[in-house]
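S.K.: Okay, here's what each chain looks like letter by letter:
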Amino acid sequence: MAKLTIPEDELMSPGHMGCLGCGATLAMRYVLKAAGRRTILSIPACCWAVMPGVWPNTCLQVPELYTPFETTGASISGIRAALDATGQNDVNVIGFAGDGGTADIGIQALSGTADRNDDVLYIMYDNEAYMNTGIQRSGSTPIGAWTTTTPVGTTGSWEKSPKKNMVAIMAAHRIPYVATASVAYPEDLIRKVQKALTIKGTKFMHIFAPCPTGWKMDPGLSIKIAKEALSCRAFNLFEIEGGSYKINMKPKKTSLKEYLFKQGRFKHMPEDLINELETDLDRAYDELLRLESLSLERAKVPDA
Amino acid sequence: MPQTIDEIPPTPINTVDSKTVKTGGWRAFRPVCHYEKCIRCWTCWKFCPDVSISLGEEGPIYDYDHCKGCGICANECPVKCIEMVPENK
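From first to last, the protein sequence lines stand for chains A and B. Residues 1 to 304 in our numbering are what the first sequence spells out, letter by letter. Residues 1001 to 1089 in our numbering are what the second sequence spells out, letter by letter.
A few of these clues could be false.
To be verified - Here are some chain B residues pointing at chain A (derived, C-beta under 8 Å):
| # | residue |
| --- | --- |
| 1 | C1038 |
| 2 | R1040 |
| 3 | S1052 |
Unchecked claim - Listed next, the stretches of chain B that the computed footprint assigns to chain A, with coverage defined by at least 3 CB atoms under 8 Å from CB atoms of chain A:
| # | region |
| --- | --- |
| 4 | 1009 to 1023 |
| 5 | 1072 to 1082 |
Quick caveat, the hints were computed from the structure, so don't treat them as lab data. Only a predicted model underlies this, so the values are computations on that prediction, with no experimental measurement involved. Backbone N, C-alpha and C fix where the C-beta goes; we use that ideal spot for every residue, glycine too.
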């Protein structure tokens, strides 16, 4: 029997309400595998607010707190303060929010948590729109995407603003650990969560989680598309620890057009927009490479 | 399950494991593993969003009460030993 590459212990039960091929479900499954039983979750309104199931059912085998949309950051700070007050310091506190609840609505509370550097882990699972309420655009929706609030029709009013770079925003808060992960690489994701939980202070993770329903694609392709997103540079795997960048995976570049056209939400994209987006993504990747080499250089030179 | 309104707690606390909820009825295609080809790499188990695959002696054992038939296992299987069979056949 081949050796398992991720922990066998299952803290998420079957019977949840996630759609077919849901990436966010996988994100939660891996995060719980990494964090273990001594964990408290805080979940705002997002897909994961409905996925545990209809009362009295829940698919999570750890305690969780449902919070209003904008308060994930504040609630995890509060949970940590309560744990500190009762002297329980072996419990992991994790905020698990979607991209809308992080990049748009929850950013204020999250910024406050990062500012106070409370000892919590904040995870944003990114399915690139408000999927739970019916695919409305969020700050994390990439250029060109169709959503119900950026309809294409004959007017072509698809998403016009670029994807908000949450990782850069959080890195600018100078918190000890910021990382990105993808559900297509669970070993890397689990390693990052475990690493983050050993560090004291606010940690932020951005997890790429495909949504077959909102992206209008075959649910069986969830993992394939997440892998392709990485190789076409639409998403990059890297971590920022104490200000120094490290890119975890540098796959060979594949065509962005192929990645986009596998998803119904990009079917309408004109050639020039794709080229523009490709240039943008390549530039972002080059910037990452530069930041990584700069970090390496800094590590070599001892502080004067 | 509470029967009257008085039995419902003032703050709703979810306590029943969702294993009791059967989501197998969502399925249009059923994954079937051809065990003779299976190499037991457990890629299917690793990527199952419905936690419906358990580690068997000969290969993956499906929990058809909960599997939603997304087809990730069939797509990710490195030796293509999982077939998606339409439910009405």
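S.K.: Against each hint, give a clear statement of whether it holds in the structure.
M.R.: Against the structure, the hints come out as follows:
1. C1038: Nearest chain A Cβ about 11 Å off; hint violated.
2. R1040: 6 Å, holds
3. S1052: Given a least distance of 5 Å, the restraint on S1052(B) holds.
4. 1009 to 1023: holds (count 12)
5. 1072 to 1082: holds (count 4)
Comparing the model with each earlier hint shows a violation of hint 1 alone; every other hint is respected.
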